[in-house]
Amino acid sequence: MKSLEELRAIRAKMQGKVGVRAENENQIRVVVGMATCGIASGARPVLTALSDAVQEQNLSEKISVTQTGCIGLCQYEPIVEVMEPGKEKVTYVKMTPEKALEVLRLHLLGGQVVAKYTLSAAQNGLK
Amino acid sequence: MMPEIALNILDIAENSVRAQALHVEIIVSVQPEEDTLTVVIRDDGCGMTPDQVKKAQDPFFTTRTTRKIGLGVPFFRQAAESTGGSFQIDSEEGKGTEVKAVFVLSHIDRMPLGDISSTIHTLIVFNERIEFRYTYRYGEKSFVLDTGEMREILGEEISFAEPEVSAFIRKYLEENKKDTDGGAEV
Numbered sequence: 001m002k003s004l005e006e007l008r009a010i011r012a013k014m015q016g017k018v019g020v021r022a023e024n025e026n027q028i029r030v031v032v033g034m035a036t037c038g039i040a041s042g043a044r045p046v047l048t049a050l051s052d053a054v055q056e057q058n059l060s061e062k063i064s065v066t067q068t069g070c071i072g073l074c075q076y077e078p079i080v081e082v083m084e085p086g087k088e089k090v091t092y093v094k095m096t097p098e099k100a101l102e103v104l105r106l107h108l109l110g111g112q113v114v115a116k117y118t119l120s121a122a123q124n125g126l127k
Numbered sequence: 001m002m003p004e005i006a007l008n009i010l011d012i013a014e015n016s017v018r019a020q021a022l023h024v025e026i027i028v029s030v031q032p033e034e035d036t037l038t039v040v041i042r043d044d045g046c047g048m049t050p051d052q053v054k055k056a057q058d059p060f061f062t063t064r065t066t067r068k069i070g071l072g073v074p075f076f077r078q079a080a081e082s083t084g085g086s087f088q089i090d091s092e093e094g095k096g097t098e099v100k101a102v103f104v105l106s107h108i109d110r111m112p113l114g115d116i117s118s119t120i121h122t123l124i125v126f127n128e129r130i131e132f133r134y135t136y137r138y139g140e141k142s143f144v145l146d147t148g149e150m151r152e153i154l155g156e157e158i159s160f161a162e163p164e165v166s167a168f169i170r171k172y173l174e175e176n177k178k179d180t181d182g183g184a185e186v
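Quick note, the sequences are listed as chains A and B, same order.
UniProt numbering numbers the first residue of the first sequence as 1 and each following residue consecutively.
UniProt numbering numbers the first residue of the second sequence as 1 and each following residue consecutively.
Among the hints, a few may not be true.
[What the hints assert, rightly or not] Here are some chain A residues the structure puts well away from chain B; computed CB gaps all over 12 Å:
| no. | residue |
| --- | --- |
| 1 | T48 |
| 2 | D52 |
| 3 | K94 |
[Said to hold, decoys possible] Short derived list, chain B residues pointing at chain A, Cβ under 8 Å:
| no. | residue |
| --- | --- |
| 4 | D11 |
| 5 | A19 |
| 6 | Q20 |
| 7 | L22 |
| 8 | C46 |
| 9 | P50 |
| 10 | V53 |
| 11 | K55 |
| 12 | D58 |
| 13 | G148 |
| 14 | L154 |
| 15 | G155 |
| 16 | E156 |
| 17 | S166 |
No wet-lab data here; the hints were simulated from the structure.
The structure presented is a predicted model; accordingly, all values stated were derived computationally and were not measured.
Even for Gly, the Cβ is constructed at its ideal location relative to N, Cα and C.
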């Protein structure tokens, strides 16, 4: 059995290294719908993939990943919303962990909206 | 329908989060000798009136305004009852809520437990303000993860979302589950 003792070592290692993680105005907010509809359609792995990638790539100052309840578009779940300061909200629908990582790479880091996965693409019948 | 019990647990525990709970206790107990799998989710959130408890089990009731149907509790209830098990909600306004589901372990309609470690990990890392106490029991063996104890060791500044801490929580859950149930398929 693993014990919590390892946390002491982690704490010692991290002491002093932890910055203030206050939310700043320029942060990109990424929100994953985690109500019944989202969870049933596979939102948990999407949320995990995004937050793991943000942590692993040291992006947590630039990007915050959070969860929310039902967005009201259950048929399009899992949904990921991207809120960039000063820009219009982008809603990505029918996400998978792979698609979400593509959004991270191309949109959140590259600045290009991944049009094919957006709500408007889905509503216009585009693929 | 949810494909696994672990996702039902995540969904029901999200209700505790929205009920402003400060403490959430989750117990998963697998008892092969009794042929049961029991799930208890208990919180100290805002609770419900007797009338709301009744309505919560009705798919066409929800307090949310974005859509008119609330399927979380009915899904969980149906999943348990379709195995010949039982389902119960006890709640008191201002005190909290307890949801208990008993599944018949060997029943053909029982969905798999699924990735329970991911469910607990997600709940802990994304809801740092809530203290979670998770118990996994298999037969006589069990293990506990108490985020209050983790917080005491880590201090206030270090977030559970820090990569090292998050990875530790995941490993702790996965390894201790394996040590508890010997890697049994549940």
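We went through each hint and held it up to the structure:
Here A/T48 does not stay apart from chain B, with its beta-carbon only about 6 Å from theirs, under the 12 Å limit. Annotated as non-interface, A/D52 brings its C-beta within 12 Å of a C-beta of chain B; the closest such distance is 8 Å. For A/K94, the requirement that its beta carbon stay farther than 12 Å from each beta carbon of chain B is met, with the minimum near 17 Å. A least Cβ separation of about 5 Å between B/D11 and chain A falls short of the 8 Å threshold, and the interface hint therefore holds.
Violation of the interface hint for B/A19 is found here, the shortest Cβ-Cβ separation to chain A being roughly 12 Å, above the 8 Å cut-off. The interface hint given for B/Q20 is violated, since its Cβ lies 14 Å from the closest Cβ of chain A, which is over the 8 Å cut-off. Interface restraint check for B/L22: the shortest CB-CB distance to chain A comes to about 18 Å, outside 8 Å, so the restraint is violated. Because the beta carbon of B/C46 sits about 15 Å from the nearest beta carbon in chain A, more than 8 Å, this interface hint is broken.
A least Cβ separation of about 23 Å between B/P50 and chain A goes past the 8 Å threshold, and the interface hint is therefore violated. The closest approach between the C-beta of B/V53 and any C-beta of chain A is roughly 18 Å, which is over the 8 Å cut-off, so the hint fails. Against a cut-off of 8 Å between C-beta atoms, the interface hint on B/K55 is violated, since the closest Cβ of chain A lies about 16 Å away. The closest approach between the C-beta of B/D58 and any C-beta of chain A is roughly 14 Å, which is over the 8 Å cut-off, so the hint fails.
The beta carbon of B/G148 comes no nearer than 11 Å to any beta carbon in chain A, farther than 8 Å, and the hint placing it at the interface is violated. Because the closest C-beta pair between B/L154 and chain A is about 5 Å apart, less than 8 Å, the hint holds. With 8 Å as the threshold, the beta carbon of B/G155 comes within range of chain A, its nearest partner Cβ sitting at about 7 Å, so the hint holds. For B/E156, the shortest C-beta to C-beta distance to chain A is roughly 10 Å, which exceeds 8 Å, and the interface hint is violated.
Of the supplied interface hints, the one on B/S166 holds, with its beta-carbon coming within about 6 Å of a beta-carbon of chain A, less than 8 Å.
When the structure is compared with the earlier hints, violations turn up for hints 1, 2, 5, 6, 7, 8, 9, 10, 11, 12, 13 and 16 and for no others.
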